[in-house]
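Asks: Read off the chains here:
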Amino acid sequence: MSTDLSHFKDAFFEESQEHLTTIEEGLLQLEQRPGDIDLLNRIFRGAHSIKGNSGMFGFTAVSQFTHKMESVLDQLRSSQMVVTVAITDLLLQSLDCLKTLIDCARTGAAPDEAHVAALGGRLEACQGTPAPGQATAVPAADERSLPPGTHRFTITWAPPRYLFQRGLDPAQFLKELASLGTVTHLALDAGRLPVLMELDPEQCYLGWTLELETGKDLKVIDAVFDFVREDSTLTIVDNPVETHPTAAVSDGAKPLGEILVETGVVSQTQLNQALSQQKKVGEILVEQKVATPEQISEALKKQSECTVPAKKAETPSIRVDTVKIDRLINLVGELVITQSMLSDLGSRFEMSQLPVLLERVAQLERNTREIQERVMGIRMVPIGNAFSRFPRLVRDLSGKAGKKIQLILSGEETELDKTVIESIGDPLTHLVRNSADHGLEPPDERLAAGKPEQGIIRLNAFHEGGSICITVEDDGRGLNRDKILAKGIKQGLIAESDKLSDEQIWMLIFKPGFSTAEKVTDVSGRGVGMDVVKRNIEGLGGTVSIKTVTGKGTTFTLKLPLTLAIIEGMTVRVGQDTYIVPLLSILESIQPKREMLKSIVGKGELVNVRGTYLPLMRLYDVFRLEPELSDPTKAILLILETEGERVAVMVDEILGQQQVVIKSMEQNFRKIEGVAGATILGDGTVGFILDVRGLLNISRNGTAQAA
Amino acid sequence: MAEQEFANKELNHQTGISTDGSQFLTFQLGEELYGVDILRVQEIKGYTAVTRIPNTPAHIKGVLNLRGTIVPIVELRTKFGMPTIEYTMFTVIVVVVVKEKIMGLVVDAVSDVLDIDKKDIQPAPQFGAQVDVSFLNGIGKAGDKLVALLDMDRLLTDGDMTESEKIAA
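Protein chains in written order, with the numbering used here: chain A, 1 to 707; chain B, 708 to 876.
Just so you know, the hints here were simulated from the structure itself, not pulled from any lab data.
In this text, all values refer to a predicted model and were calculated from it rather than measured experimentally.
Note that CB positions come from ideal geometry on N, CA and C, so glycine has one too.
Do not take every clue at face value.
To give an idea of the chain B side of the interface with chain A (calculated C-beta under 10 angstroms), a few residues [said to hold, decoys possible]: (1) 792; (2) 825; (3) 828.
Keeping only pairs whose Cα atoms sit at most 27 angstroms apart, straight-line, the calculated BS3-like set for lysine-lysine is [unchecked claim]: (4) B/825 / A/663; (5) A/671 / B/808; (6) A/547 / A/451; (7) A/499 / A/418; (8) A/547 / A/559; (9) B/848 / A/671; (10) B/808 / B/826; (11) A/593 / A/487; (12) A/547 / A/598; (13) A/324 / A/418; (14) A/324 / A/400; (15) A/324 / A/99; (16) A/400 / A/451; (17) A/593 / A/634; (18) A/663 / B/848; (19) B/752 / A/671; (20) A/451 / A/499; (21) A/663 / B/806.
Rough simulated footprint, nothing fancy, chain A against chain B, three-plus residues with beta-carbon under 8 angstroms [what the hints assert, rightly or not]: (22) 746-759; (23) 764-778.
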């Protein structure tokens, strides 16, 4: 049975992730807008869904803990408690705990019980009144607006066993009660049910507990039970109700009326009648002179503004806009038509029809290109998904570092490949942490420098050419050239005599183990991280660059390809073979003059490119091919760069530039040194994509000399 | 079982009939007849030019685009130390699946699908074939023909197909 549920479980975990994100975003926004009922409702709904779903799958630890959070949220929502920083902190901590609990439920690991209990205790303690032990199955009554003078009766009724023998139906009683007012809560008590063997179908074992909101008084309610009062267990408790001026929308559950109609408790007409008697909160408030119509309409406007859909969480599946799919289907339709036109033409082809053929082939080409673009578009998701974790991170960091930090996000709608988005999360986190910890100064230092107390970290994403740029910018102290230089020399990364450009100096901070922070903090300063950032970004085929102005701030720019599956490449030829060089790694291509070439015995050849000597690598040597040209002055040199290292690679000819789809070599074969992958060229044959790093390794290890 | 002998010309997974591994696709290399378990064979295609892979042993002919998948092609003659010959119209690539990897074998010509009973399979002798016997599962007898049955796993998962660079100088 549990195996049957397993794929629903996956859906639950996926969904929970979304709810968690919603809650987190909500809580963070709540600090700015503490009174926003709509926001609170959204948070509450998230928590409520997690509670309900986890209960369904038997993750009791999750549902119990969520229940405690929910109780606090409920009190906030009903204005019994006020949103304070302490409460937000507590809720955020609880949220983290909830995340861990859900993770534990997924992996089957044991959660840290003590921590959970402690947080649970704090959640309970912070509430004004202890939370009701029972979960609310139906939206709590507080959400509804009630006319004054309403009573809320809690009725517990267990009819006598012989009820059916008297020709009575308990449903009739319930219907009658419902007709007196609104049933806000109905629970079945099946506690008296015997085991199946002993069950007598003619006996009534069931009992009900219901909450009824009505303008009628106790006597009328009591009268309903006149026929069965004897032998019934009946308690009717009258709770007078305060009206709450909340205009809450019911949560994910169905509206009560709908349920009642479905279960046959009331009819649709009865329900409609009841509903028509309900007034809108706004009207009531105006009648009661608590608010002016202007205030109400203002509030309504605000409400509609707040109903922007919550951002989606990162999940292994992709949700695709149906519009995108429809367009794709149209395109496929067109492709099929073009194909049938072509095959029709092919079946009775004459040379005179050549122009027609060429035109159709061109059409086919158009179709194909468009389909390719659209299909790639499906994998594109807004980068906002990767950004969504930063408001929380920055909030925590500013607390820990004792700095005031404002985070400004922009370009969240910029789309890029999902796999890229997944892989840039960690590098971006490192950069933001770094900016918060190293980049921004403490408040007093900022004030002394004549800057506003609050530091700013700006995250921005935008398209530039065929790639996407993400910048992490701070208005802090900037990089300290001398300090980095001194540290670099001390750590032996550079020699004192080295003359480095500013850019080369900044790149030092990406070296493993490099940190200039005087003290190691919880956040950063251990010198782990920046090298990882660089490695990750380069692994994605991207680059990192730094711009910094002392005293003004630092900007890290990540430049990434739009997708991992397709790269922009330069096709080059060596003898009979065609290779593809990733365009990102090409700095320039030159045809050298004789005097630019130097060869050093035993060390290989060098080429002087505007004063810098670069090693010259003959691709045919490295790959042991038969070249057409062996004289560098007749061939072409590609100046390639990888990880700050440059090399001149000699090829026979540049054929052109094209986008290539990367195919794995490892799938059916194995990794080949110097080859990043394969692709299929225009003529259907296979071409290899060069891996510059690998080429350097080969030439260094001198494997080529074996030939 | 025996009546199925030639029915299985269409050499595809799906159509392959389970025969306890006793049905073999046979092909020719020079004068000799070799066989591979038919369930290993994905397809047979005519020889088309391949792309050489830099810095790989000579018997690795190159890679081929097989409907969008990159498939390495092994020249069996070179692998077995036989002299290479001009490719003819009979030269084909037998595409096999070995441990979830797809590979192609260049052979002189395919001949038949043969049923070989387990009792007709003998262990490979230590000499007599031009092949390093560790690549053989045994010698099968079908009628008057002798077929060297290849052990695909051992043949195609040795060092040069999977491990990193080992260049035969």
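Asks: A separate judgement is required for each hint: does it hold in the structure or not?
Replies: Verification of the supplied hints:
1. Evaluation of the residue 792 of chain B hint against chain A yields a violated restraint, the C-beta minimum of about 21 angstroms exceeding 10 angstroms.
2. Because the closest C-beta pair between residue 825 of chain B and chain A is about 31 angstroms apart, greater than 10 angstroms, the hint is violated.
3. Against a cut-off of 10 angstroms between C-beta atoms, the interface hint on residue 828 of chain B is violated, since the closest Cβ of chain A lies about 29 angstroms away.
4. Restraint check: the Cα-Cα separation between residue 825 of chain B and residue 663 of chain A comes to about 41 angstroms, which exceeds 27 angstroms; the hinted pair is violated.
5. Between residue 671 of chain A and residue 808 of chain B, the direct Cα distance comes to roughly 14 angstroms. Compliance with the 27 angstroms bound is thereby established for this hinted pair.
6. Between residue 547 of chain A and residue 451 of chain A the CA atoms are separated by roughly 20 angstroms; this keeps the pair inside 27 angstroms, and the hint holds.
7. Proximity of residue 499 of chain A to residue 418 of chain A is assessed by CA-CA distance (about 41 angstroms); at most 27 angstroms being required, the pair is judged violated.
8. For the given pair, residue 547 of chain A sits about 14 angstroms from residue 559 of chain A by alpha-carbon distance, which is consistent with the 27 angstroms threshold.
9. Our distance criterion of 27 angstroms between C-alpha atoms is broken by residue 848 of chain B and residue 671 of chain A, whose separation comes to about 40 angstroms.
10. A threshold of 27 angstroms between alpha carbons decides the hint, and for residue 808 of chain B with residue 826 of chain B the separation of about 30 angstroms lies outside it, so the pair is violated.
11. The straight-line distance between the Cα atoms of residue 593 of chain A and residue 487 of chain A is roughly 40 angstroms, outside the 27 angstroms bound, and the hint therefore fails.
12. Restraint check for residue 547 of chain A and residue 598 of chain A: not satisfied, since their Cα atoms lie roughly 35 angstroms apart, outside the 27 angstroms limit.
13. Only pairs whose Cα atoms come within 27 angstroms are accepted, and residue 324 of chain A paired with residue 418 of chain A is accepted, the gap being roughly 16 angstroms.
14. Proximity of residue 324 of chain A to residue 400 of chain A is assessed by CA-CA distance (about 44 angstroms); at most 27 angstroms being required, the pair is judged violated.
15. Our distance criterion of 27 angstroms between C-alpha atoms is broken by residue 324 of chain A and residue 99 of chain A, whose separation comes to about 33 angstroms.
16. For a cut-off of 27 angstroms, the pair hint linking residue 400 of chain A to residue 451 of chain A stands: about 21 angstroms separates their Cα positions.
17. For the hint linking residue 593 of chain A to residue 634 of chain A, the alpha-carbon distance of about 9 angstroms falls within 27 angstroms, and the restraint holds.
18. Distance restraint check for residue 663 of chain A and residue 848 of chain B: the Cα-Cα separation of roughly 42 angstroms exceeds the 27 angstroms cut-off, and the hinted pair is therefore not satisfied.
19. Restraint check for residue 752 of chain B and residue 671 of chain A: the C-alpha separation of about 26 angstroms stays at or below 27 angstroms, so the hint holds.
20. Note on residue 451 of chain A and residue 499 of chain A: the hinted pairing is violated, with a Cα-Cα distance of about 34 angstroms set against a maximum of 27 angstroms.
21. With a C-alpha separation of about 20 angstroms, the suggested pair residue 663 of chain A and residue 806 of chain B falls inside the 27 angstroms cut-off, and the hint holds.
22. For the stretch 746-759 of chain B, the stated coverage by chain A is satisfied: 4 residues place a CB nearer than 8 angstroms to a CB of that chain, which reaches the threshold of 3.
23. Only when three residues or more bring their CB closer than 8 angstroms to a CB of chain A does the claim for the stretch 764-778 of chain B stand; here the count is 8, and the claim holds.
Checked against the numbered hints above, the structure violates hints 1, 2, 3, 4, 7, 9, 10, 11, 12, 14, 15, 18 and 20; every other hint is satisfied.
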